[in-house]
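Based on the sequences and whatever the hints tell you, model everything.
Spelled out, the chains give:
There are 2 protein chains.
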Amino acid sequence: MHLFTSKFVQKPDHVTELPGSVSTPTGFQAAGIAAGLKKSGKLDLGLLICKEPCASAALYTPNAAAAAPITFCRDETSNGSLQGVVVNSGSANACTGAQGLEDARAMAAQAAAKSGIDIKNMAVASTGVIGVTLPMDLVESGITSVADTLTETGGGDFAEAIRTTDKIDKEGAIEVALSGGTVRVGACAKGAGMIAPNMATLLAFITTDAAVPASLLQNLLKQAVTASFNSMSVDGDMSTNDCILVFASGQSGIAVDQDSGDAALFGDALAAVCKGLALKMVADGEGATKVVELNVTGAKDNGEAALVSRAVSNSSLVRTAFFGRDANWGRIMASAGAALAGEKQLLADIYYEKVCLAKGGAVSPDPVDAGQLQNIMAKPEISVTIDLHRGTGSHTMYFSDLTHDYVTLNAEYTT
Amino acid sequence: MHLFTSKFVQKPDHVTELPGSVSTPTGFQAAGIAAGLKKSGKLDLGLLICKEPCASAALYTPNAAAAAPITFCRDETSNGSLQGVVVNSGSANACTGAQGLEDARAMAAQAAAKSGIDIKNMAVASTGVIGVTLPMDLVESGITSVADTLTETGGGDFAEAIRTTDKIDKEGAIEVALSGGTVRVGACAKGAGMIAPNMATLLAFITTDAAVPASLLQNLLKQAVTASFNSMSVDGDMSTNDCILVFASGQSGIAVDQDSGDAALFGDALAAVCKGLALKMVADGEGATKVVELNVTGAKDNGEAALVSRAVSNSSLVRTAFFGRDANWGRIMASAGAALAGEKQLLADIYYEKVCLAKGGAVSPDPVDAGQLQNIMAKPEISVTIDLHRGTGSHTMYFSDLTHDYVTLNAEYTT
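So the protein sequences, as listed, match chains X and E.
With my numbering applied, the first sequence corresponds to residues -7 to 407, in that order.
With my numbering applied, the second sequence corresponds to residues -7 to 407, in that order.
Watch out, some of these pointers could steer you wrong.
[Said to hold, decoys possible] Result set (DMTMM-like, lysine to aspartate or glutamate): computed pairs, CA atoms no more than 25 Å apart in a straight line:
#, chain 1, residue 1, chain 2, residue 2
1, X, 351, E, 67
2, E, -1, E, 318
3, E, 336, X, 67
4, X, 351, E, 94
5, E, 31, X, 318
Simulated from the structure, these hints should not be mistaken for lab results.
Structure representation (structure tokens):
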């Protein structure tokens, strides 16, 4: 239930962690139940609502094979005034055609009716196996049950209901000190595989009782996601179902105005929450034993740095080497060089933590303490820096290692 | 010693397989010895030469971290008149800076002197671990030995000397019927990991006794490589050391002229040889149990088809599913959709062999014979087609599955 478990994310000074969840901010209720969608009998249907209308922000996957709930939310729900979301795991309702869209719409309609919310303000999200239509009889009886069990402490069950192969919880709550008083933020997320830059199989739901205008909330969310969910990779795949929603109830009575110091403070808190969740996803990456922070510096510009850092982060050879605790900087150099194919000879430096292994594109002439390097490679979190010496652009990515457990999980998950 | 072992490559009617190797065409000699570069004591240094000047063609990796031998060949050898190549395995001489370039030059100089060839016509290639300088004392005594053992039947040892993690041979020879008589082509290659579009850790050497002008040879090589080495992927990584060289001795006395029917016949034979070698590399992909042919059709244009087919071929989720014998077409759809992010909803059909699993972007309404599908997924070679229904562009890629053995090999290979 802690959001800031990684050394790569700092809790801002004006933020205090609270025991709690996505239903902790004033105005929210949530629940999660087992509707029978997962054969295991685990929780698989969740509902999160606000008792009053909210300002909201949303980001959806750009995948051209976007799932039905994504199409529904993007095309049929309100822009900036969502008030609830109904979510299922067990089936992604993706690649399900016209029937899938009808099912997503039916989920929203039923959840909205049960909660007394306008259907235009009810979002839908799904995660699980692709290409299977939802068993709507189970979903419908589930929505009735889940709507009857909504409480202000139901966020934990809601969070559990959205998980698929996740092994660790990804939720929490914070208090944020603003100029007019404190507001609360609650959050939960799911995602452990099929994660890549561009928010892949990632569901994240964030609530706050601050009063934040929808347009400001959308801008702050975009900034927060750029440096968190869009800067991590587990396996380079982008999902059909990614969705991040933020609901601001305003029930604290504390307003966050555009261009104010509070907007910056609230934005920092939101960014820290997103980064905390993102790092938990990388740490929980399917089969992962390690999280690597890859800092690419000295690029021609930030775009080039992003290109190189994503290529290295997605390299199977690089990721397998970290699993093997092998400081194989040559694979990083080769992958960076591949990303810069056709450019002039790469004269990069590569550091594992503070240990320089490559200098000017070649093996470093400095002696390396083998014991120190071995200690670094044994750590669960490792920081690697590659300085391209081509300019001043930079980008940081977070990725996990590629392991036997990844192969086992993904060779055996479904049909 | 067979080049056409895959069902995905057809031997042209005017081509006959011969027992033989890269030294089979008239005029060539080769040898391979153990110089002590591999701790295992296996062959690790090879020399291939033609007794007379050749016309030649060459393709090198565009990787910006290109290895010293690549830089040497590209910048310091003749364009179109190479007469020999000296190759070592065990160390890639990549990321080795000025010393590496000096070492590559010294290898060429010594091999050229021993063979009576102008240094400008002696190519150098290396493969193995990145970031380690060559033990030049071993290399130098090795070159002396290998030059003393050159024979017309030495192609097999040469082929063995260039292997690293390869488990199956990739060599052979053919006879090609042209209008004026028959010519011979010999070939060998190495590559089992770090293979991606753009010829990654791939060394291939092809010889012929046809008389082919260098410019025609270069064009035919480019065409052959586009549909073979540049259309396969084992792990999406691109190497620092890729190099393909073709030597035409002309010693058969049979000329292949530009724009002639013979140019097309010779080109078809060269393409078949390259495709045969490429498919052996995919089959020998580190840890691979399967080869998948992925046909992307109905793309807006061929470029879009290539983009989509490469994305799907490099998807860890797709590749792991094939290892698990799971006809998980949803992962293929999701990966194609990710490659087409931002485009309109994807209404693709997906076939495994002739079985339609998805139609119009959703699960196919046709009943599927589960036993038939199980048989398909158990095969060592599987053909998959995705019709994007966006236009008339197409592209075919070949890739291997992602397995436990891949992880084991790459977590343990080096330091």
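The hints, checked one at a time:
1. Taken as a hint, the residue 351 (chain X) and residue 67 (chain E) pair is honoured in the structure, with Cα atoms around 23 Å apart against an allowance of 25 Å.
2. In summary, the hint linking residue -1 (chain E) to residue 318 (chain E) is supported, as the alpha carbons are separated by about 21 Å, within the 25 Å threshold.
3. The suggested pairing of residue 336 (chain E) with residue 67 (chain X) holds, with an alpha-carbon distance near 13 Å, which does not exceed 25 Å.
4. With a C-alpha separation of about 18 Å, the suggested pair residue 351 (chain X) and residue 94 (chain E) falls inside the 25 Å cut-off, and the hint holds.
5. As the CA atoms of residue 31 (chain E) and residue 318 (chain X) are separated by approximately 19 Å, the hinted pair is consistent with the 25 Å bound.
Going down the numbered hints, you'll see the structure goes against none, and every one checks out.
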